[in-house]
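Now for the letters of each chain:
Number of protein chains: 4
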Amino acid sequence: MIIVMQKNIDKALSRAVEARIRELGYEPHVIHGESREVIGAVGDERGKMVLQSLESMPGVEKVVPILKPYKLASREVCPEPSRVEIKPGLEIGGNELIVMAGPCAVESEEQIVQTAHAVKRAGARILRGGAFKPRTSPYSFQGLEEEGLKLLAMARAETGLPIITEVVNPRDVELVARYADILQVGARNMQNFALLKMLGQLDKPIMLKRGMSATIQEFLMSAEYILAEGNRRVILCERGIRTFETATRNTLDISAVPVLKEQTHLPVVIDPSHATGHVSLVPSMCYAAVAAGCDGLIVEVHPDPEKAASDGPQSLRPAAFADMMIKLKLFADAADRSLPGVGGSL
Amino acid sequence: MIIVMQKNIDKALSRAVEARIRELGYEPHVIHGESREVIGAVGDERGKMVLQSLESMPGVEKVVPILKPYKLASREVCPEPSRVEIKPGLEIGGNELIVMAGPCAVESEEQIVQTAHAVKRAGARILRGGAFKPRTSPYSFQGLEEEGLKLLAMARAETGLPIITEVVNPRDVELVARYADILQVGARNMQNFALLKMLGQLDKPIMLKRGMSATIQEFLMSAEYILAEGNRRVILCERGIRTFETATRNTLDISAVPVLKEQTHLPVVIDPSHATGHVSLVPSMCYAAVAAGCDGLIVEVHPDPEKAASDGPQSLRPAAFADMMIKLKLFADAADRSLPGVGGSL
Amino acid sequence: MIIVMQKNIDKALSRAVEARIRELGYEPHVIHGESREVIGAVGDERGKMVLQSLESMPGVEKVVPILKPYKLASREVCPEPSRVEIKPGLEIGGNELIVMAGPCAVESEEQIVQTAHAVKRAGARILRGGAFKPRTSPYSFQGLEEEGLKLLAMARAETGLPIITEVVNPRDVELVARYADILQVGARNMQNFALLKMLGQLDKPIMLKRGMSATIQEFLMSAEYILAEGNRRVILCERGIRTFETATRNTLDISAVPVLKEQTHLPVVIDPSHATGHVSLVPSMCYAAVAAGCDGLIVEVHPDPEKAASDGPQSLRPAAFADMMIKLKLFADAADRSLPGVGGSL
Amino acid sequence: MIIVMQKNIDKALSRAVEARIRELGYEPHVIHGESREVIGAVGDERGKMVLQSLESMPGVEKVVPILKPYKLASREVCPEPSRVEIKPGLEIGGNELIVMAGPCAVESEEQIVQTAHAVKRAGARILRGGAFKPRTSPYSFQGLEEEGLKLLAMARAETGLPIITEVVNPRDVELVARYADILQVGARNMQNFALLKMLGQLDKPIMLKRGMSATIQEFLMSAEYILAEGNRRVILCERGIRTFETATRNTLDISAVPVLKEQTHLPVVIDPSHATGHVSLVPSMCYAAVAAGCDGLIVEVHPDPEKAASDGPQSLRPAAFADMMIKLKLFADAADRSLPGVGGSL
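Chains as they are written, first to last, in the numbering used here: chain F, 432 to 777; chain H, 432 to 777; chain Y, 432 to 777; chain L, 432 to 777.
Isolated chain F (complex conformation):
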């Protein structure tokens, strides 16, 4: 932390700040500027947030944090990229580009099994589908809940694809964990710390979505909640942030990919469906995400989007998904990523 003192003030105020820094267990270090003093506080980084309260002391103009407040999520602690194993032979964060696909919500056995076969055929390695749906309106379809989980498990049994599905209530963590291969935390729950702590105690991979207005630093702090409880299998997912632009549902923050790659060792996945909200924009955002260096994609696919219970306008039909995968292979090659099972004969 850097404590910036006001201009031309009584030196006694600076001395009081120095004393308080020492009291809190840090070492003050004064720089005498032309017209004001600036005090650095040296010491263990993790507890430094308490220094923020110095802003209330007389004579202090502001307190500027210098270091990142996360630790386990940081590249400095773990310089090598983490690979998160989903099942033997399938990991996210390695050389293979992992595509997860499926409907926004599980609606029926036919819908989910048919979609699972279709996305598998096109090269997806993981099946997505929501059983617990957080919806803006209480009058919207809220998901099939445990019934939906059972249908997902059925689709897995038929296709061999592992399943990723969202959990929204700490109470349901155990239930969802019985069925899912990866538990997803949605954007609205990125700072549902009670949920994060419970997931940190599981022995299952967690995909954490960035909150709609979360900074990258806050995103990593939420990952830190899971990591700090002992679960190191965390996958990050950028899914668009809220901005003033209304042409897209959200604004895909594509530069979050290289920023995250610099700051953290955790794998990074992109969700172009929620980011854009329009199916016509999804393929080009898949290509861009891979070119930017992401480790995977999660894409909404629905056999009949105009009848979807939710998110129809952003869901690809299976044929369009298959076409996208073939073109994606070209970009995966350019990015030096493998995408097995796609476009083999090209």
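Everything labelled a hint here was simulated from the structure, so no lab data went into it.
Check before you lean on any hint, since a few could be wrong.
One copy or two, it doesn't matter: identical chains are merged, so the pair holds either way.
Unchecked claim - Straight-line distance between alpha carbons at most 30 Å, and here's what the computed DSSO-like set of lysine-lysine pairs gives: (1) K581 to K628; (2) K581 to K551; (3) K518 to K635; (4) K493 to K738; (5) K499 to K438; (6) K438 to K493; (7) K499 to K738; (8) K502 to K635; (9) K738 to K628; (10) K502 to K438; (11) K438 to K738; (12) K635 to K551.
On the provided structure of chain F, position chains H, Y and L as indicated by the hints.
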């Protein structure tokens, strides 16, 4: 909903859209424009969100929602302002301006009881204090939990002030409800729908804070979750939204007060402490909020901000709070609001 | 500037940064942290931006600016509030609250003269009206240009009200200055530096509107452009910033008032009409702005808003404006501001 | 336009709105909903903005625009992509991916000529360099002005690369046009309509940068200003928008590429340097932009970034630029774009 068709397309596509609108239980109504058709869908408002999926049909350019998706929260359903009773003789949403004050977090018996006496003396009618603290960092102080609730109850017993405190986990709703007079939903949990649904089943007032990047419409949809479960005692709280500006912690959306007053019957409270993040900005934002027409304020007060476990820089000292209340009385008078127990002898 | 070095790097990299700091004319000051070095650069503040380029040197993690980059606009240089004289006996920034009112665009002699009389009667001290209109669409009404300036001068001659009007092209500065008492820089031109420099050479008051997405610091840097050329009569105007919220045209950043009051000596005016975009929200935002401590208001008033050439939905009718002024007087009193000529007999 | 009436109002109010719609030259078309009327206004699209003023009429809840307000920029008017010729054999918007590169500011003959040779060797087809620099601070380097233009012309003479440079003042349009092959409008001037109108009268290509907080629709309206004056050679440039995220200078809105490609026929270029502000993020954003479908890139390259007069931290060194170009070729191939002169022997 208004369905805008693409320009110069085959009429058969429009007819298919009309058929699908009927299938979903609505009545299509076509406007023939100069170069395209626009189709209105008439019928019950609440289920209309399913019409959004028409955007996936061929020939559709976009689907534009026309009406508000909330109902119980709306002025159209309940034209008179609601008054939420906290205890006999104390309600939010009536003529009296209600000020809630206290520390961000409950830290000790001495701290909370001393603060309670001080804020009561200055004219506050409700004591605030956090026992469960959602913190960005897992390494920050997370609150005293049930011990904190007990200390709040002790402060209430000593001063007679009802207490408001946050609940973050659906699991704790019953516990918090045993102690609190008002349960608060924090900004990070505005779309924690599992929590909202449980609170909707309580017989206690709920103060719902606006999410950092929630639109006013989404804010009202979250209120609707509580109302739809049967609990009509909902208080709304604007606490700043996230913008590009960094001079303040958040940007207080003061115009949300008159917008909410037009759209909903629910009372509106302002939190200037979280909105600004700097104590020097809090008093003027209290005055502005009252001038804008809010029903109450919730203000952070701490006896020793530079030693606060959280949010020190935005906490008023008791003396500064008392000064603010005296000046606030002038603005309450101008707004034709009573503020009993303040500045009587002026 | 604070230069943060990367963790555990070769000390030679830090020494190179120190050398470069000296080369640029500053004094380096090293703090040895637990795992990295942090280097402060001490010296003249204004040129410090060149230090930002150190971020390109090997081993540098980031460069953090500590001080404000403006000088003439700053409270530190000029601790007393500035009063900007408009004409003898009329100044902005003194005890009197100054209300400017009039139509968005000058449309006809009848319209502007009639409005001028009406707003004067209600207590406005300055007449606003646009002759050069920056419009988003090339197909929208672009203003009457010099003809509009002449009509404004006519309205001034009839009522004695000084006039404020916008200038958008450096070429027109001289022309507009021949007619206007205050020249306005619109939000879209806040960083039109060629225009700002020319206005800095005038002997006329300038009202500078904050850009739609300008930080407060950038806003003050734009004021600095005018001040640095020698014109010290600068008035700042907050008119709403762009956010994700769509219920209002922009989001009025009301906390900008106390922030600006802390950082600068320049007077601050609020434009509630452009900030909200809806006439029903304007009066409460006027009251809030005064309670927050602004020095003046600029309000759109039109005799016939549904026939206005621009901004009808946000223009008050003269009668509504007069009602607002009477209630505003109560808030001006509470804020200890005079508002002569309003509600005298109440 | 769609005019939404309030609920349960006197039908006479709707009839008055209908009459006013006819008066303005449109045809009203009423839809009778369950509890309110909705009125469509049919007629010529370009003048429709005047209908917005109906929002001031009694009984009107809101006015919703349905159609795009631009025309010449629109795909509907010009379905085929436009190719903008820079010189014989060099066009933007065709199959070839065009890379423009060079320093933020022209600083000296040596700097610009050396950079020109380096970027040409690496495969750039156009040289960028600023002679007139709009800078946030009046105390920052403001560019070499005409001297800078001469140095650019010298670099062109030496290398044959056409030059692109910014113009900020309508007064300088003629001067800059004498030297430049493409005139650039910077983000801060996107709504400097006086400048846009003058550029619309030139017979030179114009590259228009998106404003920091401009919606895509506003961006296209600014292009429309140039097109409407007769200059059809407009190139659009996305360079990052302002959001709450601070890890990057701005947020690159990568989805703007496919959105623009759907809505307009004009070519789209990406500026990853200003968008990110950090050199380490530039290459991956170049790859992503090409994958997303852009027609070109504009990249900052400086021989000695730590000594750059501006934007050092976001400028690639020539060697890093050359490396990036070689990898870019792979993504250009995947996107089926040619990039002649790069990586030929790979």
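What are the numbers of the hints that this structure violates, sorted from low to high?
-> none
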